[in-house]
Amino acid sequence: MDSNEDIAPIAILMDELRSEDVQLRLNAIHRISTIALALGPERARDELIPFLQDSVDDEDEVLLALAEELGRNFEEYIGGPEYAHVLLGPLENLSAVEETLVRDKAAESITKVSSVLSQAQIEQYYIPLLQRLSRGEWFTSRTSSCALYAPVYDKVAAPIQDDLRRGFAALAADDTPMVRRAAAKWLAPLVKKYTKAHVLSDGLAVYRKLQADDQDSVRLLTVEDLIAIAQQLSPAEVKEQLLKQIRQTMTDKSWRVRYMAASHFNELAEVVGTELVREELINHFVQLLKDNEAEVRTAAAGQVPGFSKLLEKEVVLARIVPCVRDLCQDVSQHVRAALANQISGLAPLLGKDATIEHLLPLFLHLLKDEFPEVRLNIISKLELVNSVIGIELLSESLLPAIVELAEDKSWRVRQAIIEYIPLLATQLGKPFFDESLGNLCMSWLGDNVYSIREAAAVNLKKLTEVFGVEWSKEQIVPKVVGMGQHPNYLYRMTTVQAIMTIAPSLTLEVIRDNILDMLIQLASDPIPNIRFNVAKALEITATSLGDTPEGVQLVQQKIAPVLEALKNDQDADVRFFSSRALQKAHALEA
Amino acid sequence: MDQDASSSGGWRFAQCFGDKGDVEDITEADIISTVEFDSTGNYLATGDKGGRVVLFERNEMKKTCEYKFYTEFQSHEPEFDYLKSLEIEEKINKIKWCKRQNSAHFLLSTNDKTIKLWKVFEKQLRVVSESNLIDGQRSLPSPGATQHLRLPRMTQQDNIIAAVPRKVYSNAHAYHIHSISVNSDQETYISADDLRINLWNLDISDRSFNIVDIKPANMEELTEVITAAEFHPVHCNLFMYSSSKSNIKLADMRDSALCDRHAKMFEEEEDPTNRSFFSEIISSISDVKFSHDGRYILSRDYLNLKIWDINMENRPLKTIPIHDHLRGKLCDLYENDCIFDKFECIWSGDDKNVLTGSYHNYFRIFDVETLNDVVLQADKSAFKAKKIGGPLPGNKTGMKNGMRPGGMRENMAVETLDFNKKILHASWHPRESTIAIAATNNLFLYSSA
Chain A
1 MDSNEDIAPI AILMDELRSE DVQLRLNAIH RISTIALALG PERARDELIP FLQDSVDDED
61 EVLLALAEEL GRNFEEYIGG PEYAHVLLGP LENLSAVEET LVRDKAAESI TKVSSVLSQA
121 QIEQYYIPLL QRLSRGEWFT SRTSSCALYA PVYDKVAAPI QDDLRRGFAA LAADDTPMVR
181 RAAAKWLAPL VKKYTKAHVL SDGLAVYRKL QADDQDSVRL LTVEDLIAIA QQLSPAEVKE
241 QLLKQIRQTM TDKSWRVRYM AASHFNELAE VVGTELVREE LINHFVQLLK DNEAEVRTAA
301 AGQVPGFSKL LEKEVVLARI VPCVRDLCQD VSQHVRAALA NQISGLAPLL GKDATIEHLL
361 PLFLHLLKDE FPEVRLNIIS KLELVNSVIG IELLSESLLP AIVELAEDKS WRVRQAIIEY
421 IPLLATQLGK PFFDESLGNL CMSWLGDNVY SIREAAAVNL KKLTEVFGVE WSKEQIVPKV
481 VGMGQHPNYL YRMTTVQAIM TIAPSLTLEV IRDNILDMLI QLASDPIPNI RFNVAKALEI
541 TATSLGDTPE GVQLVQQKIA PVLEALKNDQ DADVRFFSSR ALQKAHALEA
Chain B
1 MDQDASSSGG WRFAQCFGDK GDVEDITEAD IISTVEFDST GNYLATGDKG GRVVLFERNE
61 MKKTCEYKFY TEFQSHEPEF DYLKSLEIEE KINKIKWCKR QNSAHFLLST NDKTIKLWKV
121 FEKQLRVVSE SNLIDGQRSL PSPGATQHLR LPRMTQQDNI IAAVPRKVYS NAHAYHIHSI
181 SVNSDQETYI SADDLRINLW NLDISDRSFN IVDIKPANME ELTEVITAAE FHPVHCNLFM
241 YSSSKSNIKL ADMRDSALCD RHAKMFEEEE DPTNRSFFSE IISSISDVKF SHDGRYILSR
301 DYLNLKIWDI NMENRPLKTI PIHDHLRGKL CDLYENDCIF DKFECIWSGD DKNVLTGSYH
361 NYFRIFDVET LNDVVLQADK SAFKAKKIGG PLPGNKTGMK NGMRPGGMRE NMAVETLDFN
421 KKILHASWHP RESTIAIAAT NNLFLYSSA
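Chain order of the listed sequences is A and B.
Residue numbering for the first sequence follows UniProt numbering, starting at 1 and increasing by one per position.
Residue numbering for the second sequence follows UniProt numbering, starting at 1 and increasing by one per position.
Hints are computed from structural coordinates only; laboratory data are not their basis.
Quick caveat: nothing in here was measured; it's all calculated off a predicted structure.
There's no promise every hint is true.
[As the list claims (entries may be wrong)] Simulated pairs of lysine-lysine, DSS-like, Cα-Cα distance not exceeding 27 Å: (1) Lys313(A) <-> Lys239(A); (2) Lys209(A) <-> Lys99(B); (3) Lys380(B) <-> Lys342(B); (4) Lys185(A) <-> Lys99(B); (5) Lys381(A) <-> Lys368(A); (6) Lys409(A) <-> Lys462(A); (7) Lys185(A) <-> Lys167(B); (8) Lys289(B) <-> Lys253(A); (9) Lys264(B) <-> Lys253(A); (10) Lys264(B) <-> Lys290(A); (11) Lys380(B) <-> Lys62(B).
[Unchecked claim] If you want the footprint, here are the derived chain B segments under chain A, 3+ residues with CB under 8 Å: (12) 68–80; (13) 96–104; (14) 178–186; (15) 224–238.
[To be verified] Covered stretches of chain A, as calculated for chain B (at least 3 residues, CB under 8 Å): (16) 12–21; (17) 34–42; (18) 169–183; (19) 228–239.
For every residue, glycine included, the Cβ atom is placed at its ideal position computed from N, Cα and C.
So that you can see chain B by itself, here it is in the shape it has in the complex (with noise of 0.2 Å):
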């Protein structure tokens, strides 16, 4: 047993947010659709399918690394574009946060069609408590003569926090948005759609540029779409964007205003032998992230998780499969749809490990030099478990603490899955061990020591 509390990787439950009943009727609107945490961890953010964004801070007070509730804001509503008769969801489809420029927090949200930019503030609420025409409550009468002219008097009342929508960047999408980015030169970021990438200053909402565009003339001839988007964390010029081909292109902006020509492109020959009808759904990219330091590329697909050198295109330096037990199942998957769950991937905040997640509110974390992994669940046994008090982990009966070490991969058996649970979106913090996970209507927090 006390190899099973190591293969635990000393991942530890930490909190829960959001409804903990074992209701089976969740509001759809409750739903998140992404986490991510601020470039110094002390803040996390999530955006749900009602168009909320939810904002936690540290929680200094304690030891170990734990949030807060911090603040909440309606950041998009749902629309209804009358010219096409389409119905546009307030679903927050990603969050990325601006690096601190003053005391407030900035951050991008955006839904299908329109990104914001929300200013999220400390700010003293102040009344006029004194001035010329009025003392306290009472009307004065005009002040007779100079001398008696004063400024109003504020007395100070709460602080609240405030989010102000600071840009709104709109109409320039005519697909649905699916990924945003900051440049490292805080000035610029991309938005990208399924077929367009659309560079924009953070400063200028009503003018972008088109720097991707692979809309064939005829849409008949469409054979392959933009699945996700991300800029270079280190040069300012290089971006990324993965396809439904099973292709990631890198793009130099230095070349040409135009990035139709990709500098490089990371693509592995696909062996023949594998091939079947649902080929090439399952080796559509769903995620790709640059390491930390923008030597390596982690892109996800329906099976595997891979990982790149940026310096090697045919190949990639590993490949990690996630989900071969269920290549019996593709069948299925294709009935209920899963098949096309566009799951995350992301690296930890050092590079030296990589998460994603899987059904039944599965998600696994691999060592990058090893590939050991650790398999854990978030699901509601865990903070039960705490609640009553339950055991750390090391201990042996680790099990109760969300975690099935040993019979975990025995677990993830085909026939028990849940496949409505699904680990879809997570975050890493970016200096500690802490990880946000996204489980339907839950956040989940584990940390390792």
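Only chain A is shown next, with the shape it has when bound in the complex (with noise of 0.2 Å):
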């Protein structure tokens, strides 16, 4: 029944597992699936798992591949799940080599594997399998032992559950720190798992010897074990078992614990409970937002909105505020550009009354700020102070901050401002904006780097949006055509790329009375780059107009006869692109 062409590429495949060049074996290891599936299911049992697992002395890439391939529902192949523990032999092996990310992507095989393996197979084959690695000679098997407690945890009887506990201490005191890191690491999933009686006697024992470990990068680690532990607890047993570690993390010699602890403020705020936030956490917030290092200041700066939600509003005005007022005028420009971006979710918290007086002051100083990045975080994220106060007590600093941002001589800052505007816009409404920011808009499209014109195109089109057609057609369509006549052809491009980027959101009528003619104008320009996206603009235009009968006849009348006259033009790309939008003009009629 099998022909031989169906075999002979299978039997190079089986080949080049074995070849000398390491493309081929990879890309047999990548197909092992198919392999399988030619040998059926026995002999992939029999033959092809003992082979893979002869074969952990190859390229880290390689092996990467193969500890991919094994959990991606291998399992199917051998016969299903009821041989899926075949399957833990060369991912056993795989968790022992050198490389992390070899021994990561194992441990995630094994436990996506672990989830299709009966409580039988688990306890007779995965639990040894567990012991082996937790007891390795070599430190690495040790570290990815750590990754495989927590899946099969819930799945085994009381006793083999007494024995992971015992085995998992034993990792948390192992004497070299990458073992101590990853129990670190993983504790956190697996305390989730365990009753609350074995969290309070042996989770918060390995918690509290990993807290106090002496090496920073262990301690930096406990930081979610701890909000993982908390959760388990209630507020009353989290004050009783962890207020010692929680002052010994937030208040580390080592910055990088409190960076940690500070990241993760908010998370660990919201399990702890009221009580605890407000006599205990708010002074380690208060310290850690002013801490020595700006690192962790940063950090915190970027919890203050989410925590301030778990205090009162008196209590953010006395000690949550003059933080934030001293974080203004911090020297670290990161510390102040993370303020920024979070500052303004106060101002629901606060009310408007509050907001005017004590948050007011900080947005206008921050938005002259003398790094471009603060002042668009603040700028950024106006919605939330506009919708409490209203943007009209802002607006005499948001201009002069805008047009400096406008003017920034790095383009990206530019852009960035510009990507801001249509929110803006809706902020501050047709006048406001006409008055102080239309000017500014159409000056982008004169800009000397191609990124800011584009992006000043695609602002218009949005502004159109925001302000409608009508407005458009009075305050952006003249300027833009007005620019056609430009005797720099870089001008007269940016023209047409403005209509193009434009056009789908203008109506017939606009297109008919105020662009057209210009376009038409310009198919006849000297430069053939204007002429070939000319022809482009014309095409969407056409494609935008076909909706109505009145568009079609204005495609035929004017747009079509331009395209044939483009279409004998000298130059090839003028021909290619004239020809194309005249198939789409002629496709409409039909």
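From these two lone chains plus the hints, build me the complex, please.
Pasting the structure below:
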């Protein structure tokens, strides 16, 4: 039944598993499912898997591929879940190699395999594997084993659970810091599966040991464990059992630990209960906001609104706002930028009056910051402030800030502010916009960086959508069309491209009365680049006009003849784009 | 003469590797530029000016601590930086072993610019003997049915020892790298050049963090360079670096991300009566090492060894003069550039002794408590004596055994010293009384009972 043609490629593929060429081996490994399918489940189990198990002496990328493939429901090819434990053999070997990526992937695949194993299979095959890895001679296998406790803990009988907890505790007390780090990393998911009694008896002990480790690289990983354990306990128990650890972590001598504490602060605050937040955490939070290390202050600044939500308004005003005021003057621009990104979040919590009194001066101050990122971050979150106090109070300072950003010498800053313009337009309203920002938006069309001109065109399209076609016809279209007369071809090009971008948002009348003539005029521009872009613009315009009979008629009368003329242009690109546009135009009629 | 024998401290020449001929013109590339035992003492690495790394393995067949050749590989090649029009030498400046994590060995080696992480392991060479399309040498027709499909069969050939570069950490140093040091957390290491120290994660080769930068905004204001740097053996957050201005700074990485502000500075006030034109040069620290327990710091400048208590910054616990006899000759040493030689200093595995080198292939071992010293000379007479069945130490004619007790200090008389022969690099077995000494192109091993 198998013809030779079907088998030959498989035969080659199998031989390539041991090719001299790494790329061929890699390809073959990625297709071991094909090989397994050809061999059938029994031979795949008896021959292929032992063969793969013997293959761990290879390049890392090949091993990584193998670890990945074995985790992709590979049990389907070897006879279904009742044989899935066979896969653990090669994966066990892979979780002892020295490359972290391979080990992590192997652990991930073992976890996937474990999800299809029955309790009997887990107890018979998985647990012994876990024990072998946990007691491995080299730290690499012990490191990998840490990740493998949590997936099966809730799937085994109670006596084995006892063994698992003991085994994990031994790993957390390992001599090598790498193993202790892995234990610290994987304690959180494991503890979530413990019963409360076991959290108190075992989980806490392991956590406390790791939290007091000599190595700060270990301690910094215990912040997430702390959160996981606190989640399992009642607020009273947290206070009784964990207060000391919380204090130590928040005031650790190592800034890296404090940084981790600061960046997970809200998660912790949410699980410890309001009492502890008010009595204890608020003080630590204030300290972190005043930390010596800028990285810590940056992380803490990011948590300000989230944490303030858990506090009463008076407390926020009394404790948090003074710190925020100091951070506005911080020496590190990164701290100020992080704060600028988050400070607006305080406005809804404080309400209108308090925001005007306390936050508004800070907004105004940050809007004048010497670093553009700080100003940008404030502007990007303006919506929140606007909804609380309205924009009027800010607008006086806002405008100079925007103008300055718009003229920043770094084009990326200019690009960033352009992207916020449509948002600002909705907040500021038409009159204010016309008066102050309209000209700015047009000046970007003449920027000497292409990306800015491009962004400027997109901006005009969005503004059209915000303020409507009538507004656009009066404010934007004349200026865009006017640039079409410019002696520099780059400006004329911008006109074409701006039209191309805006056209789909405009109505037939505006296109007919205000735009089309300019395009047709540019179709005879001396620069071929302009001409073929006109052809492209006409194509887009024609498509957007094609919805209505009047539009189709306009295309026939005005656009098609121009394209016909361009079809005979001396430049090949112009001919190409004009014929393509013409085809589209003809298609409209049909 | 009995007293002479005891002044050899029981040290006995054990082995010598390298060209043992008396040829005067030594190949430049063969000059050993660094020596390092691994953390078990079972392996020993040397690097040379030719960019090669040679590993030795403990010879388990012998009762005494002896080593045999294990493997050799080319770690660095000469390069040319076209942008700066600079030649980059292949010379290995430092080798540091990582703790073993599996049956392979990992070690860092560096030249002036690039650090590499090498994996050295035993590899089975295997060839395909049978497969679907080849049976030994013959080609086979493609199998006709699935049941004839078979997986390739391998036959084993030799085992070889392979060295592969696992990671290459480049482009992070504008100046010459002189020190690398692996952290006790086994996850990070530092590399130091004349003006900066960078922190690396061993797993990440494309990124490093600058933790110390003493480069002045204007290079004309440069008055000080970093001469050596090392991590604390126990506390992963502490490291120290020494400077050409005779101070050692201890920095704590917990305090802040940039360690420009040091936690402690070990410096001895200079005696103004001793000031001379050379003061600044000879007070430059050439090497610093933490003791294994991390309590003490050993430093070496041109004339002295100093032992500092980590808790006492204003003066060293002990100052051990090494080159007092050269004080009168500083002018000549300046002329022939020897005054800029960078002698290393090392602790014994139990921190009870310290060792440093000198000229004429002399090196000295001091008892930290009593400051009693042993002067030994790593030269060819040592192994010649052994080859002809020379007497063992303790014997009265111990001087044939590579050491000249008694007359040793007189022999160090200035006039007869050969300033081209110097012991700059050495390493001490972490657990036993065995030392490895680099003497130009030879590696000497000495043991004491």
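These are the hints, each one checked on the structure:
Our distance criterion of 27 Å between C-alpha atoms is met by Lys313(A) and Lys239(A), whose separation comes to about 24 Å. For the hint linking Lys209(A) to Lys99(B), the alpha-carbon distance of about 24 Å falls within 27 Å, and the restraint holds. With a C-alpha separation of about 23 Å, the suggested pairing of Lys380(B) with Lys342(B) holds against the 27 Å cut-off. A distance of roughly 22 Å separates the Cα atoms of Lys185(A) and Lys99(B); the hinted pair therefore holds under the 27 Å criterion.
For the hint pairing Lys381(A) with Lys368(A), the CA-to-CA distance comes to about 16 Å; that is within 27 Å, so the pair holds. For the given pair, Lys409(A) sits about 25 Å from Lys462(A) by alpha-carbon distance, which is consistent with the 27 Å threshold. Restraint check for Lys185(A) and Lys167(B): satisfied, since their Cα atoms lie roughly 25 Å apart, inside the 27 Å limit. Proposed proximity of Lys289(B) and Lys253(A) is supported: the alpha carbons are some 25 Å apart, at most 27 Å.
The hinted pair formed by Lys264(B) and Lys253(A) meets the criterion: a straight-line CA distance of about 16 Å does not exceed 27 Å. A hinted pair counts as satisfied when its Cα atoms are at most 27 Å apart, and Lys264(B) with Lys290(A) qualifies at roughly 24 Å. Proposed proximity of Lys380(B) and Lys62(B) is supported: the alpha carbons are some 23 Å apart, at most 27 Å. Counting residues of the region 68–80 of chain B whose CB lies closer than 8 Å to any CB of chain A gives 0, so the stated coverage by that chain is violated, three being the minimum.
Look at the region 96–104 of chain B against chain A: 6 of its residues bring a Cβ nearer than 8 Å to a Cβ of that chain, three or more, so the hint holds. Given a C-beta distance limit of less than 8 Å, the hint that chain A covers the region 178–186 of chain B holds, as 3 residues qualify and 3 suffice. Coverage of a stretch by a chain is defined here by at least three residues with a beta carbon nearer than 8 Å to that chain's beta carbons; for the region 224–238 of chain B and chain A the count is 4, and the condition holds. With a cut-off of 8 Å between beta carbons, the region 12–21 of chain A has 5 residues touching chain B; three or more are needed, and the interface restraint holds.
Counting residues of the region 34–42 of chain A whose C-beta sits closer than 8 Å to any C-beta of chain B gives 3, which meets the bar of three, so the coverage hint holds. Judged by the Cβ-Cβ criterion of 8 Å, the region 169–183 of chain A is covered by chain B as claimed, because 4 of its residues qualify and three suffice. With a threshold of 8 Å between beta carbons, the proposed coverage of the region 228–239 of chain A by chain B is violated, since 0 of its residues qualify and at least three are required.
In this structure, the earlier hints numbered 12 and 19 are contradicted, and the remaining ones agree with it.
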